[in-house]
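Participant: The lines below spell out each chain.
Number of protein chains: 2
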Amino acid sequence: MDSDEFRQRAKQIVDYVAGYHDTIRQRRPVPDVTLGYLKPLVPAAAPEDPDKWNDIFEDIERVIMPGLTHWQSPYFHGYYPVGQSFAETCGDLLCNGLGSFGFSWITCPAATELEIVVMDWLAKMLTLPSEFLSGGKGGGILQSTASESTLVTMLTARNVMLTRMSATHGPVGRDVKEGIDGDVFSRLVAYSSDQAHLSMQRACMFSAIRLHAVESDDKERMTGPALAKAIAIDVEKGLIPFYCMATLGTTASCAFDDLKEIGPVCKKAGIWLHIDAAYAGSSFICPEFRPLLDGVEVADSFNFNPHKWLLTSFDCSALWYRDSSKTIEAFSVKEVMFSYEHEDTTIDFSHREIPFGHRFRALKLWFVLRLYGVNGLQAYVRKHVYLAQEFEKLVAADDRFEVTHPVTHGLVCFRLRQCSNDLNALFLAKLTTDRRVYLTATTSKDVYFLRFVVCWRKTEKSDILYSWNVIREVATALLEDTKKQ
Amino acid sequence: MDSDEFRQRAKQIVDYVAGYHDTIRQRRPVPDVTLGYLKPLVPAAAPEDPDKWNDIFEDIERVIMPGLTHWQSPYFHGYYPVGQSFAETCGDLLCNGLGSFGFSWITCPAATELEIVVMDWLAKMLTLPSEFLSGGKGGGILQSTASESTLVTMLTARNVMLTRMSATHGPVGRDVKEGIDGDVFSRLVAYSSDQAHLSMQRACMFSAIRLHAVESDDKERMTGPALAKAIAIDVEKGLIPFYCMATLGTTASCAFDDLKEIGPVCKKAGIWLHIDAAYAGSSFICPEFRPLLDGVEVADSFNFNPHKWLLTSFDCSALWYRDSSKTIEAFSVKEVMFSYEHEDTTIDFSHREIPFGHRFRALKLWFVLRLYGVNGLQAYVRKHVYLAQEFEKLVAADDRFEVTHPVTHGLVCFRLRQCSNDLNALFLAKLTTDRRVYLTATTSKDVYFLRFVVCWRKTEKSDILYSWNVIREVATALLEDTKKQ
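Here the protein sequences line up with chains W and X, keeping their order.
Note that the UniProt record's numbering numbers the first sequence so that position 251 is 251, with each residue one more than the last.
Note that the UniProt record's numbering numbers the second sequence so that position 12 is 12, with each residue one more than the last.
These are calculated hints, taken from the structure and not from any lab test.
Values in this document were obtained by computation on a predicted structure and should not be read as measured data.
Among the hints, erroneous ones may be present.
Identical copies carry no separate label here, and so any pair may be met within one copy or between two of them.
[To be verified] In silico EDC-like pairs for lysine to aspartate or glutamate, Cα to Cα no more than 20 Å straight-line: (1) K393 to E460; (2) K445 to E288; (3) K219 to D434; (4) K334 to D194.
With the hints as extra help, turn the sequences into a complete structure.
Facilitator: Put into structure tokens, the structure is as follows:
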């Protein structure tokens with residue numbers, strides 16, 4: 001494909017994408033395919049000679065669309081949103097088109113420096129404490145996911161604690177020749193709410209350390225006293241607490257751990273405090289939601305995902321450190337091939353993450369922040385919260401349903417009132433089979449409930465009404481069937 | 001930005017990208033900026049109201065271009081290439097534009113199933129053993145980087161060994177409540193050549209296990225006997241070997257570990273064999289290079305980066321397992337919210353990787369494989385090897401230089417003959433300051449040498465001549481300066 005053909009083909013994709021969004025309401029969000037649908041639609045091997053462009057282009061509708069779950073449908077209400085916007089697509093198109101990336105400053109000064117700038121912009125939008133900004137010890141970095149952010153901060157904190165222990169226990173540090181001190185290492189323990197995302201459990205598995213899942217209160221929050229008690233029990237057992245992850249906006253119900261209580265407990269215990277605000281973090285750009293972040297003053301790291309609720313495509317997860325040097329101490333390995341003049345005074349993102357390469361993600365975020373502006377982004381977040389509240393009213397007005405959790409953001413948790421968990425699970429299955437709306441469900445404190453999330457960037461009240469009518473219709477049929485039996 | 005504006009703006013970016021590649025020869029690959037250049041060019045905070053599109057568009061040249069290292073320049077010869085092609089940019093534009101992604105089958109059947117298909121296509125192109133294909137226990141997955149692939153296979157192998165040990169040592173497994181058996185854990189040891197990429201060392205740090213870097217032979221290869229000796233020494237010490245990474249195409253000089261010797265040693269020792277062919281793996285689609293992969297028959301996992309030498313943008317790293325269930329055993333955590341009907345018979349990539357979300361990377365790779373065809377991709381690889389050999393001839397014909405390593409792929413290692421390492425390092429510094437070409441250098445066996453890699457997809461012999469003339473010119477000036485002193 002030469003550049004003239006590229007001009008033509010890429011523009012055809014642009015038009016396709018624009019048309020896709022213009023007509024998204026015509027597609028059911030849940031695909032109607034069974035496992036293995038795609039294989040018979042394509043050859044068993046790559047072509048020897050190039051395929052024709054038109055065949056590939058037609059395969060988007062023939063092969064891909066039948067099996068696409070439409071995350072950008074107004075009727076997609078599952079999980080939490082994954083971001084997309086025309087602004088970010090322009091930015092990421094530029095990123096791919098230029099084909100430059102930078103794992104160190106010299107390998108792409110623009111990529112490194114733009115990331116520093118947009119992370120500062122974002123930090124200011126969230127009014128993060130100034131220590132988290134660049135210029136001093138702090139600073140942000142874009143990671144792939146909240147999962148990765150949890151893991152890298154945990155690995156950093158593990159190294160901090162092992163380094164501290166080495167003062168009294170001899171070398172227990174990161175020397176891969178000598179290995180670990182098994183006794184010290186096996187006593188490390190991390191904390192989070194029992195409502196934390198499962199990536200916390202996975203991070204502990206990867207890091208080979210214990211997890212103490214602290215029982216959340218009746219509002220599904222981890223409290224300071226509960227954490228303090230957990231730490232005291234473990235210390236009594238001879239364990240070594242080193243890391244705590246607080247969740248702001250849990251996966252199940254968007255509950256908020258009590259950060260103002262948790263921070264001082266962590267500080268007193270001398271352990272790393274990481275904040276996971278993967279979804280809800282975007283709301284902190286609105287002054288009315290910012291109090292939920294109070295207590296961040298004593299945190300060591302903070303993370304949220306612009307690729308969830310800030311109109312930026314996956315992957316784009318924003319992570320800040322109070323003291324980035326701790327990560328560099330934990331991760332950095334030097335090699336002649338990657339060294340350059342002044343490397344000690346610059347920022348090399350490869351020393352702060354698991355992959356060695358670093359995508360130029362800052363570009364898409366830059367386009368989003370500039371093309372929406374802070375006011376535009378605030379309006380977008382508020383619109384989703386407003387629409388969730390509208391949905392909440394609809395549910396509350398129908399006495400066959402109950403809203404199970406407070407609605408503070410874009411999530412409404414609800415269930416069929418006075419019905420068993422099994423019947424509610426059947427209800428979700430019926431909705432999924434119907435395919436006109438996509439919802440998910442979960443269980444917390446032994447109660448199974450459905451989760452309705454406002455996801456699409458252009459969802460209107462009429463869309464919410466449409467989804468609600470589908471939900472009511474499916475519920476009516478199910479409840480009548482149940483009565484008959 | 002509504003869809004009409006998107007049609008207009010995105011097409012403007014398409015034209016910009018096309019023009020960028022058309023005129024890439026006019027830009028020096030090394031940017032002329034100093035640390036901190038970008039900050040004064042942009043505001044200190046995100047705009048309150050949206051910026052104008054034209055201002056953003058103009059900032060590409062004003063803010064980004066001055067600091068861009070041009071990885072797609074014909075005169076960029078550093079590290080190894082990072083892929084880009086018009087085909088892949090079309091595919092990734094579609095990926096971003098659709099805004100769908102799938103961490104499990106149900107969350108996007110098309111994403112999961114297309115990835116299975118293209119990974120099978122690729123596996124067949126490489127003639128990987130059939131066990132690595134989907135359908136049985138094997139199967140591929142796209143990861144971000146070779147670093148991540150090394151880490152996830154190491155974590156998998158760690159779990160395999162701990163599970164095996166638990167038969168004789170009681171529970172030492174992945175239970176995050178009970179923690180690890182510090183004694184067993186601290187005795188785990190992994191192996192690679194001392195020429196392996198630094199991500200091996202980092203993976204060991206992250207995994208908290210020992211690394212035994214096996215001394216490579218005079219051809220910079222890890223041999224079977226050297227590995228066997230290292231394992232024997234460690235077993236004697238009471239250590240527990242569990243993982244070996246063989247490198248096919250080392251970072252320094254593109255040397256190839258002796259896979260045919262290493263495999264049986266690993267098998268005899270009962271340890272996991274992972275193959276890192278990050279750069280050179282792409283060449284195995286050509287029959288004449290495929291013998292370098294002989295021995296893969298006994299490997300447990302194999303990885304290479306289409307984002308290096310197969311015209312696909314970062315990130316896109318292809319990883320296959322002989323038995324994927326081992327990874328699932330190591331990584332999988334179940335939760336109600338993510339469960340769905342038939343989940344046990346489908347493939348959920350989130351159970352096989354560190355991030356929980358999974359980008360629809362298969363789309364760009366699909367576009368590349370179809371728009372080039374196997375023949376087109378083979379021709380592309382062969383062209384780079386031919387151009388490297390042409391450069392090798394130029395170097396060899398100038399008696400001020402010496403070629404230090406065999407040229408088998410797209411890399412030529414060379415240095416100023418009979419000059420100190422320091423003078424050669426100064427030579428690289430002069431080239432970098434000159435900015436017309438970009439090369440890197442490294443040290444192996446105490447010898448410092450420069451690395452010249454053919455990187456751009458459309459590099460011609462005239463481009464190689466241009467780079468060579470710059471290199472000669474800078475060398476001449478340096479050697480004359482040196483004589484004068």
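Participant: Indicate, hint by hint, whether the structure satisfies it.
Facilitator: Consistency of the hints with the structure:
{"no.": "1", "hint": "K393 to E460", "result": "within (15 Å within a copy, 66 Å between copies)"}
{"no.": "2", "hint": "K445 to E288", "result": "neither (29 Å within a copy, 61 Å between copies)"}
{"no.": "3", "hint": "K219 to D434", "result": "neither (33 Å within a copy, 63 Å between copies)"}
{"no.": "4", "hint": "K334 to D194", "result": "between (39 Å within a copy, 14 Å between copies)"}
In this structure, the earlier hints numbered 2, 3 are contradicted, and the remaining ones agree with it.
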